[in-house]
Amino acid sequence: MLDPKYLRSDIEDTAARLKRRGFNLDVDAFKQMEETRKSLQVRTQELQNERNVRSKSIGKAKAAGEDIQPLLAEVEQLKNELHSAEEALSILLKDIAAFCQGIPNLPDTSVPEGKDENDNLEVSRWGEPRQFDFDVKDHVDISQGLNNGLDFESGVKLSGSRFVVMRGQIARLNRAIAQFMLDVHTQENGYQEMYVPYLVNEASLFGTGQLPKFGEDLFHTKPATEEGQGLSLIPTAEVPLTNLARDEILDEATLPVKMTAYTPCFRSEAGSYGRDTRGLIRNHQFDKVELVQLVKPDASFDALEALTGHAEMILQRLELPYRKVLLCTGDMGFGACKTYDLEVWLPAQDTYREISSCSNMLDFQARRMQARYRNKDTNKPELLHTLNGSGLAVGRTLVAILENYQQADGSVKVPEALLPYMGGLTELTPAG
RNA sequence: GGAGAGGUGGGUGAGUGGCUGAAACCAGUUCCCUGCUAAGGAACCAUACGCAUUACGCGUAUCGAGGGUUCGAAUCCCUCCCUCUCCGCCA
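Under the UniProt record's numbering, the first sequence has 361 at position 361, and the numbering climbs by one with no breaks.
Note that these hints are calculated values from the structure, not bench results. The beta-carbon is built from N, C-alpha and C at its ideal position, and this holds for glycine as well. Any given hint could be a false lead.
Derived DEER-like restraints, expressed as beta-carbon distance ranges [unchecked claim]:
1. GLY230 with PRO264: 13 to 23 angstroms
2. GLU382 with GLU66: 48 to 58 angstroms
3. SER90 with ARG278: 48 to 58 angstroms
4. GLU46 with GLY102: 27 to 37 angstroms
5. ASN379 with TYR6: 17 to 27 angstroms
6. GLU74 with ILE11: 41 to 51 angstroms
7. TYR6 with SER39: 45 to 55 angstroms
8. ASN80 with ASP116: 47 to 57 angstroms
9. ALA73 with ASP28: 43 to 53 angstroms
10. VAL42 with PHE214: 35 to 45 angstroms
For lysine to aspartate or glutamate, the following EDC-like pairs were computed, each having C-alpha atoms within a straight-line distance of at most 20 angstroms [unchecked claim]:
11. LYS222 with GLU252
12. LYS38 with GLU50
13. LYS296 with ASP108
14. LYS413 with ASP133
Sequences and hints are given; from them, build the entire structure.
So, in structure tokens, the structure goes:
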């Protein structure tokens with residue numbers, strides 16, 4: 001959510017900045033709602049004040065043993081007037097809140113303007129895509145040669161399309177990747193490892209911005225005996241991790257808070273029918289090691305660079321070629337003001353594919369969830385800035401390793417960095 | 001699942017219809033005293049919104065959430081959420 005004060009005082013400027021990301025702010029509607037709100041609020045408050053004053057005098061009169069009846073009669077009409085004013089105001093306030101909650105974050109000035117991923121700006125490349133002297137296979141074909149280590153048919157049988165069963169050496173590799181990432185982030189990058197719920201409530205989803213607008217991207221559960229949507233499966237650990245700060249006032253000395261968690265992520269992928277239907281790239285369930293930072297406002301842009309670097313470190317240690325992309329205004333998520341994507345090289349697709357997305361949300365999420373810290377200088381609570389990034393998506397890392405480390409005979413070399421996690425296994429073989 | 005208790009400001013915790021936006025204590029900030037890794041005293045110390053803006057200014061709302069009763073509710077009633085205790089069940 002944007003700062004309502006800023007929204008009110010600089011609506012034109014806000015609209016202009018939102019336009020950069022293709023969002024049309026209905027300035028007139030907002031102005032009109034605000035104007036009505038002001039007069040309605042003043043009127044309501046006047047009535048409330050009068051009620052309070054009169055009620056007090058009734059109390060005094062009663063204590064003094066006077067006759068209250070005439071006073072009560074006077075107040076009768078006031079009551080009705082106040083009632084309808086309060087009701088009208090509350091409806092309007094809800095409308096305004098809904099309007100404000102639907103506005104995305106303002107893009108940072110350093111973010112290039114653009115419509116979609118084609119307008120993203122490549123910032124850097126790391127590593128050289130390997131030259132193959134044989135026909136490269138994609139991860140699906142590779143896995144079939146490895147004792148059917150990625151079993152999509154079983155995934156369909158158990159759950160449906162976009163689910164997978166991993167077995168044997170590939171399942172082991174998947175686990176090794178996650179362990180490796182967690183170890184790097186906790187031991188070298190200063191993140192605290194967290195274990196969090198995979199089912200979260202509505203307030204949490206509102207806090208990070210999934211609700212109310214993007215509920216269709218989520219899987220909602222509901223206890224058999226109850227009404228309503230119940231809890232929802234997390235689409236990313238960003239939701240539980242960031243919401244740890246919800247309704248909290250953190251001690252400034254504890255900042256920055258750096259947390260990491262390895263969790264499954266669940267996404268309905270509504271609206272992506274037909275996209276990436278083959279393989280592991282786009283599944284309803286995938287594992288991810290997430291990085292979240294809660295920082296003081298003046299530190300968030302530096303933190304974004306650092307956090308992105310932490311995710312890059314994983315790719316470098318795995319010796320996977322990648323590029324770093326600054327997302328354009330049109331490709332950024334709802335709550336982000338600046339986002340770097342890391343795209344890993346996939347030889348079978350002959351292209352770079354997203355494997356991490358690192359964003360600075362400024363105070364956008366913090367305001368929604370009232371996540372604050374006490375400023376030592378002013379002694380006042382102020383909104384935190386929140387950041388998150390994948391460090392990395394485990395499933396796509398698995399894909400990248402299978403494809404980049406494949407060998408002519410169909411086997412796959414285990415990356416150096418993962419050897420300590422593979423129990424002596426140095427390559428994945430047809431024995432699986 | 002059954003029976004009970006409870007949810008108050010940064011923290012602990014008073015408060016069962018009007019003078020309580022909320023005692024007291026702790027923490028915090030400032031000042032006074034004190035010449036010393038101590039102690040004492042005083043003041044200040046929630047958030048949001050609105051009006052006003054030369055003001056130490058005024059008003060409204062907020063005591064888990066949402067409804068209701070009442071001239072008036074932290075205080076009474078209803079629903080929901082959460083916490084705790086005992087019993088049952090269970091990885």
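Now the hints, each set against the structure:
no.: 1; hint: GLY230 with PRO264: 13 to 23 angstroms; result: holds, 18 angstroms
no.: 2; hint: GLU382 with GLU66: 48 to 58 angstroms; result: holds, 50 angstroms
no.: 3; hint: SER90 with ARG278: 48 to 58 angstroms; result: holds, 51 angstroms
no.: 4; hint: GLU46 with GLY102: 27 to 37 angstroms; result: holds, 31 angstroms
no.: 5; hint: ASN379 with TYR6: 17 to 27 angstroms; result: holds, 23 angstroms
no.: 6; hint: GLU74 with ILE11: 41 to 51 angstroms; result: holds, 42 angstroms
no.: 7; hint: TYR6 with SER39: 45 to 55 angstroms; result: violated, 22 angstroms
no.: 8; hint: ASN80 with ASP116: 47 to 57 angstroms; result: holds, 55 angstroms
no.: 9; hint: ALA73 with ASP28: 43 to 53 angstroms; result: holds, 45 angstroms
no.: 10; hint: VAL42 with PHE214: 35 to 45 angstroms; result: holds, 36 angstroms
no.: 11; hint: LYS222 with GLU252; result: violated, 39 angstroms
no.: 12; hint: LYS38 with GLU50; result: holds, 18 angstroms
no.: 13; hint: LYS296 with ASP108; result: holds, 17 angstroms
no.: 14; hint: LYS413 with ASP133; result: holds, 16 angstroms
Consistency with the previously given hints fails for numbers 7 and 11, ordered from lowest to highest.
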